[in-house]
Every structure is written in structure tokens, then in C-alpha cells.
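Once you have looked at the hints, place chain B on chain A.
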Amino acid sequence: MIDLHRQAFKEEAYELLAELESSLLELEERPDDQDLIGRVFRAMHTIKGSGSMFGFDDIASFTHEVETVFDMVRNGKLSVTSRLVNLTLAARDQIRAMLDAADSGAETDLQASAGIIVGLRELAGFGGSGAAATTERHEEAEQPQKDPVTYRIRFVPPRDIFVSGTNPLNLLAEMKELGTCTVVAQTDGFPPLEEMDPEGCYVYWDVILTTDQGENAVRDIFIFVEDDCDLKIEVVAEHNRYDEQQDYKKLGEILLERGDITLDEMKAVLARQKRFGELAISEGIIPEGKVKSALAEQKHVKEVRQEKQVAEASSSIRVPAERLDLLVNLVGEMVTVQARLSQTAAHRDDAELMAIAEEVERLTAELRDSALNIRMLPIGSTFSKFKRLVRDLSAELGKQIEMTTEGEETELDKTVIEKLNDPLVHLIRNSIDHGIELPDAREAAGKPARGTVHLAAIHSGDSVLITIADDGAGLDKEAIRTKGIERGIISASAELSEKELFNLIFAPGFSTAKTVSSISGRGVGMDVVKRAIEALRGSIDITSVRGQGTRITVKIPLTLAIIESLLVKIGNDAFMLPLAMVDECVELTRDDVARSHGRNLAHVREHLVPYIPLRQHFRISGEPPEIEQIVITQVNGMRVGFVVDHVIGEHQTVIKSLGRAYKDTEGISGATILGDGSVALILDVPQLVQAAEMDQN
Amino acid sequence: MDEVKLERVKDPQGATQTLMVSGGVTICEARDFRDALLATLEDAPEVRVDVSALTGIDLTGLQLLCSAHQSALRRGKTLHIFDGGNTTFREAATGAGFQRQTGCPQDRACSCIWVGGES
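Residue numbers (the working numbering), protein chains in the order written: chain A, 799 to 1495; chain B, 15 to 133.
If we strip away everything but chain A, and leave its shape as in the complex, we get:
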């Protein structure tokens, strides 16, 4: 149980640290933004509080020091300087290191912690002596609301709250500081004295609080216990919105709202008396219509409030990623089974079965989309990590670089985002390292001293385009050419288009890299980046203008779980080609083959298209049919054909990995199960093309 809590804390802390980092970087740009300062402070405050609750005492005490400094910033006693941001970023890294070390049992660098603390204290004017003065609870940074709101808070603490070291009375006292507060202890859950655990908490509270501080201020009080306790905060009256009612709700109404009595119970009690409306009508004071209208108003307000409650309840929950993966896997199998069902239904020609199959098909499609949607995350969190990278690296290299981003809200599959991280880091490093010039050189070239790296993401069909554009020196075509010849990748006489020339930098062996083990280290070849992107079934494209900058576009499919593909057959074997890469299909007759004199080239509308005969490539025995099919694909801007026996048609493919034993199989990226239960292999088109090129060379 404790481990579970610790794990939950760690997950939350990692998220907070990520948020903290982006807030700090933003703060550097807008040092006066009170909202940002508040965010930094709250992140620290939460890490400290929950850290100490779950036994991460070193983290708690370290974070406390940083929090203290930010409290001063919040109260306007200290201004945000780049030194403060630097130190806080270092502190953030240190907290992360401590969190990492908590698992492995490794020692954390205490000296680093001490160094950061001394720096912070100097900055805060404590001169490194003694503990910093602090206040435990702070005023909310956010602007107080002008009009007070009355909240009804039911706080049911966990039974073991005393043991965990939290005193609920302090929480109540904090609430009293926020405004007018009525606290009622509820004692109905008490067991007989002899059964009572003297150290358990049995009491819970109803608190009616009228405050102008906003709901967040109330929630902040429960920040450390919120996960474990039962906390319900409802607005019962907004004193700006409704005219001050002379009489507040009826007693029965309030009890019902609180869930203390059921509707039936209340009705039973009320049935014994005549309703006000009935009385009023029977006494002849008012006509029935007036009463009905008033009742309608009552109903309306209630409904509006109920809707509000529903909206509150539908917030978010935290789910382990494995469970989602399992769900997606199951949905994948479901899609396969559904395909079989549809096929069987069509085969049987049974109208009733077909109707069911269609219904299942519709539901499965919806289920598939929703399941995949759950795993979609905005790419923004990855982008903000890069901001830090740019900041640190440009400082290291003495360059002035600003990173701008666009399309942070673009959503991608979680796994794709994770796998995209390293290649993007490398591309950005390259832009900073080799692309953007030193300030002097930039000014000499008539450009602003401060360079820009622009990172953007945008949806395009079933893919996402991520561009990394810099306004640096651009690629040197001549240098690339010379190096290509030097490395033996191209011949000295080769005539290459600009695109082909740029693509050379992705060729294996082009890079001067000595190690290829760690992507985050410098000097990793671009071929590693390209391979990583291709492993995601993506592609990478470069445009560059000398002196003006380079733009790298990475195209990535939205999800790795399901693709649209083209089903083809060679003999009895079925294969899949990702539909996104397929341009067209043309016929290949025996005469065509004879005409090209064994050179594997086809004439398609006056253009020569090289092709790979897959039957030969995979050494499939048997005779090909009289007329074969060439599936022409687009790879790295080049048209390459794949010769197959038959093209069956489009197919929605749930990708299954081949398992560890076959993970190094070349030319195949995965497998899928067809409607009839047989297996079809998914072709790794870029790799097949690459292998064919190598063969030719």
C-alpha cells in the first residue's frame, strides 16, 4: 500500500517537475507574470508536502528551501532574475535526481544540493546562515474574486489520517482564515467505545464557507490529503449571481442536497403536511398558474445546478499506460474478429447475420477510434522539454538562440511521442550546433544576433508533420558533396539533385560520428535519426537555403497500432504495404519484362520506374501469373515498384509485432491477422528499397 502511494507520488512529482520546468522557462521571458510565479510556487509546495507525507524527507527539506525563496518572489520581496531561474532549474534537476535515486537506492549528490541551497539563500539575502524564515500557509497568488461565494464542503478524512501525521484541525483552521465559516462535526459513524480505535479518525465534517478567494484556494488547503480523503466542494450560493434571498433553502431541501436523507424519506415526511402551493391555492390566495410558474423556476435552477455537478464529476482519472495498451490490444483483436465475422456473414448470405455483422462493424470502428484516442497526448510536453535543451545548449556554445513553438496541442499516440523524443533532440541539437552561427557571424551576415529555432507540429491526414526550422547558415552543398565522394557514398561524377544531395547526410557512414550508442551524446549520425523515424513508419525531409536556414520536416503516422494498408498476394502468401506510401498499381506482362532486358525497370507514362520483384526477393517458389502487378510506392521522393502476383485491395491492419525471435528480420516490419485467420506480413518498404540499392552498388 505504502509502495503504491510512493509510486503515485513519484508519478505526480515527475509531472509537476515537467510543468515546473516549462513554467520556469516562461518565467524567464516574463519575469513579472504573477500567475507563473504562483505556478512555480504551488508545484514546489505540492512536492514538498506530499514528499514528506510519503517519506521522501530529503526531497521535502530540499524543496522547502526553494519554496521559501519563491514565497518571497510571490510576496514581491524578491524579483525574478536569470540567476534565480538558473538556480531553480538546477534545483528542479536535483529533485529529479533524488526521485530517480529513491528507486535505485543510489546516493544523491549532497554537495550539489548544498550548493544550490547556498546559492538560493545568498540570493534571498539569508547569506547562507540558518534556516530560512518561512510561513507554512500562504495567501493565494491568484486575484481574489470580488463577490463572495458560499461553498458547502464535506470532508471525510481517511481513517488513518492521524497516523500519517496530518491534523485535520489545522485544515479546518485554515478554512476559517478564508472567510466566514461554520464547521459541524459529524459523529454518526462512531462505533461503540470499546470497538473504537483510539488512533483512528471517525469524525467527518460539513463546512459551510463563504469566501471571496475562489474554489482553488479552498482546494489548496486539502492539497496533501485530497487523494486519500473524500472531499466534496459544492457552491451553494453565489452572492453576485442571485439576489440575496431573504430565506435560504428549506431545511428538507438542504438535507436532500447533502444526501443526508433520501427523496423517499423526505416525501414521506412531507406527505403528512399539505404543500405550501396546495395550501395557497385552496385558500384562494393565488391562482394555480402562478404556483406552477414558481415551481418551474425552482426546477430550472435545480437542473442548472445538477448539470454543473455532472460537469464537475467528469474530470480526469489517472490510468497506468499498460492498461491502455492492453485495451488497444484487445480492440485490435476485436477488429480482426469483426473482419472474420463480416467475411463469414457475406459468405453465408444470411441477411440476419449480415445485419448483426454490420452493427458489430460500426461498434468496433467506434470502439477502435475511442481506444486509440485515449492514448493520444498533446505534443506540447515534449516541446517544452526542448526549450530547456535549447536554453542550456545555446548558453554552453555562447550562442543566442530563441526557440519558438507552434501547434503544441497537436495530438499523437503516446508511444509515438515517446519514441520521437530522441530523434527530435538530435535534430534540434544539430540545428543549434551546426545551423545557427555565433552572434558575431550572424551580425556580419546581416542577420539579427539572436537566432531562432522554430518547432511546429500540425495534423496532415493520418499523419503529423513536425518541422524544425532554423534561420542559421543552411547546408553547404559543396561540402556535403565532397564528403560524400570522400566517404565513397557517391562517385565523383555523380549528378545529384539538391534533394538527393541533402539526403546524403542520412546515409550510413556519412557522419563523422565515433559512437552511435547514445543519441543524446553529440556526434551521432543522422542515419540513426532516420532509422528511428522510419521505425515509426515516418519519413524525414530536408530543405535548406545557404545563408538562410534549414528546415527539417518529419512526417509521422498518428498511431502505431492500426494502419490502412494494401493487401497483396504472392503465391499463397499475403503481404501488406502501408497505403500511405502507395502511389498506384500498374500491370507487368511477360513482354514488359523481356523488353527491359532483365534490368527491373518499368515504363510508366514515359518514366522509368525501378521495381523489386518480391517473389524473387523472398525466394517464393512457383510460377508467377501471366500478368503481374507492380505496386508503385513513394520512398524518399523516389518512385519504386514492388512486383506481386495479385492486388487484393485496401485493408485496415492491426499491427502485431513479430516477436523477439524475428525482430531483426529485414524487409518486414510486422504482421497482421486477416479475416480468415491467416497471417499477412507487413512490408518494410523503405528498408526493402535501401537493401535493393545496396545490392546494386
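Think of the hints as simulated: they come from the structure by calculation, not from any bench. Each hint should be verified, as a subset may be incorrect.
Rough simulated footprint, nothing fancy, chain A against chain B, three-plus residues with beta-carbon under 8 Å [stated by the list, open to error]:
hint	region
1	35-48
2	57-68
3	81-87
Cβ pair distances, simulated, as ranges [said to hold, decoys possible]:
hint	chain 1	residue 1	chain 2	residue 2	range
4	B	26	A	1013	55 to 61 Å
5	A	898	B	108	27 to 33 Å
6	B	30	A	1067	37 to 43 Å
7	B	96	A	1008	32 to 38 Å
8	A	997	B	91	21 to 27 Å
9	B	57	A	956	32 to 38 Å
10	A	898	B	91	55 to 61 Å
11	B	108	A	1203	31 to 37 Å
Every value quoted in this text rests on a predicted model; they were computed, and no experiment measured them. We put the beta carbon where it would ideally sit given N, CA and C, even for glycine.
Chain B only, in chain A's frame:
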């Protein structure tokens, strides 16, 4: 906080037994406090808990008092709190929300220890 002292005094007439609580009752003393309350409740039909010399009480203590009162009612016994105007005790009870217009559901005899009380 002073050390807690729990002392049971029998009324000469016999019916009432008083539990004198002095010092501070915290979670550390909660078990002893519960046992003292239970023992007093076992012994006499009328129990008086004298908290006038109390110098501090936390939530565990307040809970036990309330539960003792509920247990007394269930056994058909009576339990009164005598606070002698002790502001520490009153403030602690008020702060924790133990202060009400009517008693709890168990309190059919309107003897809730948090309503009024002797002074």
C-alpha cells in the same frame, strides 16, 4: 502540554462516578483515556467527566468523549461533561466543529455533551 492524569472518584452516595481528567489528552494518551472511560462506564450508572483541569485536547480525545456518551446512552446510562468554564476545552471543541443545535441521532434524551453543558 502537561502530562495527562486520569483519576476516578466515586461519589459517596454511590450512583455517580467522576473521571477527573487533567493535563493534555493527545493521540499518545488516547488508548489510556479510552480505557479509563470504558472502566468508569462499566462501574457506574452515572458518569461525570470532569475536564475543568484539562490543559489541552486533540481530536482523538474529543472523539472518545463523544463515543463514550453514545455508548452510555446505548447502555441506558448517563454521561455528563463538566468543563468548569475551561476555555481550552471549549475552544478545542468549537474549533473541531463539536458544537451543535441538536444532539446526534443517538441522542434521544437531548443530553448531547456539546449542547450547553454545565458550567
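Would you say the C-beta atoms of residue 997(A) and residue 91(B) sit inside 21 to 27 Å of each other?
-> About 26 Å separates the Cβ atoms of residue 997(A) and residue 91(B), which means 21 to 27 Å holds.
Holds or violated: 31 to 37 Å for the Cβ distance of residue 108(B) and residue 1203(A)?
-> Check failed, 54 Å falls outside 31 to 37 Å.
Okay, residue 898(A) versus residue 91(B) on CB: inside 55 to 61 Å?
-> The hint (55 to 61 Å, Cβ to Cβ) holds, given that residue 898(A) and residue 91(B) are roughly 59 Å apart.
Look at the Cβ atoms of residue 57(B) and residue 956(A) and judge whether their distance stays inside 32 to 38 Å.
-> 35 Å, holds
Taking a Cβ-Cβ distance under 8 Å as contact, does the region 35-48 of chain B have three or more residues in contact with chain A?
-> holds (count 5)
Taking 8 Å as the C-beta cutoff, is the stated coverage of the region 57-68 of chain B by chain A satisfied by three or more residues?
-> Not satisfied, violated; 0 residues make the cut.
Three-residue Cβ test at 8 Å for the coverage of the region 81-87 of chain B by chain A | That given contact holds, which follows from 4 residues of the region 81-87 of chain B lying within Cβ reach (below 8 Å) of chain A.
Outcome of range test on Cβ distance (residue 30(B), residue 1067(A); 37 to 43 Å) = 39 Å, holds
Is 55 to 61 Å right for how far apart the beta carbons of residue 26(B) and residue 1013(A) are?
-> Once the Cβ atoms are compared, 59 Å apart, the range 55 to 61 Å for residue 1013(A) and residue 26(B) holds.
CB of residue 898(A) to CB of residue 108(B), is that within 27 to 33 Å?
-> At roughly 47 Å between Cβ atoms, residue 108(B) and residue 898(A) fall outside 27 to 33 Å, so the hint is violated.
Determine whether the Cβ-Cβ distance between residue 96(B) and residue 1008(A) falls within the hinted range of 32 to 38 Å.
-> About 35 Å separates the Cβ atoms of residue 96(B) and residue 1008(A), which means 32 to 38 Å holds.
Hint compliance for this structure: hints 2, 5, 11 are broken, all remaining hints hold.
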